[in-house]
Amino acid sequence: MNMIQAINSAMDVTMARDPAIVVMGEDVGYFGGVFRATAGLQKKYGKTRVFDTPITECGIIGVAVGMSAYGLRPVPEIQFADYIYPALDQLVSEAARLRYRSGGEFTAPLTVRSPFGGGIFGGQTHSQSPEGIFTHVSGVKTVIPSTPYDAKGLLIAAIEDNDPVIFFEPKRIYNGPFNGHWDRPAENWSKHPGGEVPTGYYKIPLGKANVVRAGEAVTMLAYGTMVHVCAQVVADTGVDAEIVDLRTLVPLDIATIEASVRKTGRCMIVHEATRTSGFGAELAALVQERCFYHLEAPVERVTGFDTPYPHSLEWAYFPGPVRIGQALKKILKD
Amino acid sequence: MGEEPGIVHPRGNLPPLSLHVPEPKFRPGDAVDFADVAIPPAGAARRPDTADAARDFTDLAYSMVRVLDENHQAVGAWNPRLSPDTLRRMLRHMATVRAFDERMFRAQRQGKTSFYMKSLGEEAVAVAAAHALDAEDMCFPSYRQQGLLIARGCPMVDMMNQIYSNTGDKLQGKQLPIMYSEKRFGFFSISGNLTTQYPQAVGWAMASASKSDTRIAATWCGEGSTAEGDFHSALTFATVYRAPVIFNVVNNQWAISSFSGFAGAEATTFAARAVGYGIAGLRVDGNDALAVYAATAWAAERARTNGGPTLIEHFTYRTEGHSTSDDPTQYRSAGEPNAWPLGDPIRRLKDHLVVIGEWDEARQADMDREVAEEVKAAQKEAEKNGVLGHGLRQPLDSLFDGVFEEMPWHLREQRQMMIDEETASGRPWDRK
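As given, the protein sequences belong to chains A and B, one line each in that order.
Residue 376 is where the first sequence starts when you use the numbering used here, and the numbers rise one by one after that.
Residue 21 is where the second sequence starts when you use the numbering used here, and the numbers rise one by one after that.
In short, the hints are calculated from the structure, not lab data.
Predicted model only: the values in this text are computed from it and were never measured.
A few of these clues could be false.
[Stated by the list, open to error] In silico PhoX-like cross-links for lysine-lysine, where the CA-CA straight-line distance does not exceed 20 Å:
(1) K190(B) to K203(B)
(2) K566(A) to K638(A)
(3) K190(B) to K404(B)
(4) K231(B) to K418(A)
(5) K231(B) to K419(A)
(6) K231(B) to K422(A)
(7) K578(A) to K638(A)
(8) K190(B) to K400(B)
(9) K638(A) to K705(A)
Next comes chain B alone, as it looks inside the complex (with noise of 0.2 Å):
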């Protein structure tokens, strides 16, 4: 056997040392079991005063907060004790936003925009979030919180008319479809980079401590971008000033096609990140929208009296591909979604309205084709001002607005380069 140049091969009687790849339990074509995943009864978990020092419930990092339990009560101390009207409004945003990424992907198949995401299977992460945060609290989201926009009453049809980067959309077409920016809604603008956003939402944390406002922050990311740098120096940061933020890292199992293993998902929870910063760490049921809710306003309240930032791992799954642009079916078991142990968030918070006497089948049917008709409605409406499939919507000299303040002369040599070309052309290019 030939030896390899620049490798030393064991020595003496040691043994030779192996590389652990982490590997998914389920490939295509793999029966599945979710019989290991460790999922702690409703109601079991305790709950601290939003005073107490972050090392005396590290258990909490490690455990799961549930409150809805297999019967559809409302279990534990942490049953946030919702009005019916608040849980009715809370499953009505859950249906919009699952109607709405339904007739927005179906959009992208026909070929009227670029590109979607669903948040198909997680849709209590964002929309319970919302609800236990105040209007005015400022959102660092990722790319799959289309839920704070519309739980807070954002118009389908400027997200809409973003996505089909057409007439009306005040991004001008400058930015991906569903990179959202909404200042009004407190909804700050998605970046593509992951979890540039984690540092951005604890600077605002700061500013707002430091201008003694009454605001928090919210941020969230994908379990697999808690890898990046800017998640450890955000939450350095945070720790460190006590910033009142909130730091959400929604667990759906896959990051694309990589599985949580390789984001560390092996060795320990993703709520477990906080224990080594001294932050407050929960973990909770992201298919329970009333565990949502409680550990948000938890965490909210925590950072509104100065005790500093949370960290809430949401347990949740991406039922869905990543993106328009990706395909499960090529690397994890079709059996999956059906499988995942914690259901589906909706069908939860309806079966828990219904068994407390508060809803019915009629009336979840009702509501269905509601939400579904005011989605049509909008995406009616968002179609007048024109679709990205059927050519660009904006006026070509917009292209060089809002680079800088100012444009500075380059930037007006290369429109005027750029108009010169398109006359030039002769292209059919619809511009004002």
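The shape of chain A in the complex, shown without the other chains (with noise of 0.2 Å):
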């Protein structure tokens, strides 16, 4: 599978055992999604429990709330992450909130999927990476999944979760992962062995990372597309490291990011959001307090420039194999 297809696969295998599930957002009824995430939902589980909705982002995540005050469990779809912004109030002053201002009496159990991320040439405002947004807000879950196996896997935890999620879907891998060489031509998921996914049911519990790659000379600490960006640049430069892909990054799995780090002495953080403010900044400062006294050099962070994502300059935007091969040597020097 892809991680289109695993995605669509984990909302219809919840779906049919949970008649609570309903799934709305733009285009997602009739025809599916514009990535055809939803593709076949609205026709096996009628018009009620898939459906289109207006072009209307706070909208689509309130009536949200109030579906999950009901006693639904709503998986809205933001079409592209770049307009989740008209609807950040309804989700950080009310479905984050929700739980902890009513005492439990009213709670908030919906998944947010978006596509999210550059590399596709879509410009300023289909290429953004607003992670670090949601990971400041308290009350809400942030996951972001690097393998059709772990989108199927974690969307799943996501959708039975009790709490709301959001759930950023790195675009540029949905067809085969992205090696950040743009200008090879892309695998395919059917030779990579995240693409094996099973049709039935599975869960991948959120708050645990995966180490991709065991090695002893640095700890690469990344998430989405820039696991595999990662996983390329060391095959390039055959530097032993061990590859951790953080999977969620609230809760965050801190242990296996302490262990790492204290293994091998020195840490790097790759995402491709901008720098300023950005989670990589809240991964090095957590580094520095529990791993200090192991560290052998600064921690390091790989990331995409403070500007807007710019069209047609996107390449020398994105944190590539020549960015962090640079920030290897550095790191490996002292």
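Mind assembling these two chains? They're in different frames, but the hints should get you there.
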């Protein structure tokens, strides 16, 4: 399966088990979503469980919160993460705080799916990585898969979770892992172990990172598309790096991060989002607080730049193999 | 005269444009005259069938549904013909809200809590609506609908426990006073962010419809917050899916210090917001409990028979400040509350009951005394659980409860940090 099929399958198997689950969003019904992630679901589960919505993100999330209060389990789609900002108030002030402010009387067990990230010539409005905004908010969980297998298992866990979850889908790797070399032909998920996806039900618990490659020289912390770019750089350079795919940013698997950095003594953080106040800053602070006496070099961050995502210059913006390779050299020098 | 950089001045013979900034008619010190407020006679509005198409009674969004006339009689097609018992119950609930407000306002001034909001002069809006809805219908209120809770029988002690953030507060002192959450009384958790409850009410109503339930939703916001994007998203969703929901816009003329003109009242009515969405819109005399009841019952029937949403503008007046943190003498004429042409909702309902021979001044005085005693007794009971003004009443470590269903490691660590800090500080926190 590719990642879209895996995500579709996750919704399918959970909807079959639980009639409270509803899928909603722009174009998700009859058409099956602009990325086809919800294809076939309306036909199978009917128009009242899978339906198209008006183009109002604050409405989509606000309505989903109300549906949660009734007892449903909505899975709203925001067509691109870049369009999630009009819904921020409903997510930050409402969904995220409902349990806390109502003494648990009302909860918002909704899972917001949204494709994010760049590398598809999407310009400023189809490329952003806003995960840091949500990790800063108390009361929402943030999940980002890097393979079809993980996407399905994590999405099932997210939908069944009783807290609101932001599920960001790295759209650059919907159809195959992206190694960061934009001028080389793309691989297909069918040739990657992460593309082997069971058709049935399984879960990957939220809050558990995945060590995708064990190594001794340096710990590379990444998620989503960047896991694959890091793997390619490691293959290209022959550096014995340990690559940790975080999978969920909140709750974070701090134990796996700590164990890895203590072992390697070096930590590099890679994400596509802009640098300042990005999630990398939080990771760097945590590693410094917990592993300072084990560090042999300063924590290194490789990120996108503090600019909007530039359309024709996106490969200069994207933290690709060159930027990561240079950072690896720097961190291994000491 | 020097050129201002970046500003293009008028050319040729074109008149210069001018920017209109609304200004209320009266400011502090001004004499008040509401003669130009258009108030149609009671009984004049026609009552469409609840199944009629919204476009067939657009006029009702621009006029005003009124039932009680100047002789205190109930007249016209909208007269809900309520039994005297129901009328007396409504009167008592409105009087209770007023007594509750008075006492809690004073408690705030006495330093027993941090904040309070009265609904003085608008008691009919929530109380009459609560009587017209089914007990199982779900309310998504704003912060001035405490009348819903009183009318639905929520114990006043519970409401006061919340206001005092004391040991009896089931919200554990985590919410601002009056931001109740009462699921058992069909009362959704109140948000301080305005009109966020509007799309939520639509979502609840859509869920109810999709599950072939029979319950409907109702929601309230002030006229000022109809400017919020959520309001318009909610109306769009509601009309698209024909959601069984009642939108209430409480036009009490003032959004803190901004008069209704800043929300668009100079150009149109708030009920007319419904017109562009193809939603039924009714404008009612919000100080007329019978009109509020009739409009709500009409909208509820429309919603319950799959006729879709209704928007009701309640034309009323906020007699007091916005909250205990507000001083209305700084921005509006002191003469306004008494000059308000639609009168006082409690007095109007009382006068009606008297005129129809179902009430008298002595019984009114007895009732006022009784509700005052009930409120006083509830306050005494609630204060046994402590008041905010005398220090925090919640176990400290509860601060971290309820962020997530299960507490993740980073919150557990922060909780321990806080406990260590408090232990080291020796501060006399009341801890369990």
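Going down the list of hints, with the structure as the test:
no.	hint	in the structure
1	K190(B) to K203(B)	holds, 12 Å
2	K566(A) to K638(A)	violated, 31 Å
3	K190(B) to K404(B)	holds, 15 Å
4	K231(B) to K418(A)	holds, 18 Å
5	K231(B) to K419(A)	holds, 17 Å
6	K231(B) to K422(A)	holds, 12 Å
7	K578(A) to K638(A)	violated, 29 Å
8	K190(B) to K400(B)	holds, 18 Å
9	K638(A) to K705(A)	holds, 19 Å
Violation of the numbered hints given earlier is confined to hints 2, 7; the remaining hints are satisfied by the structure.
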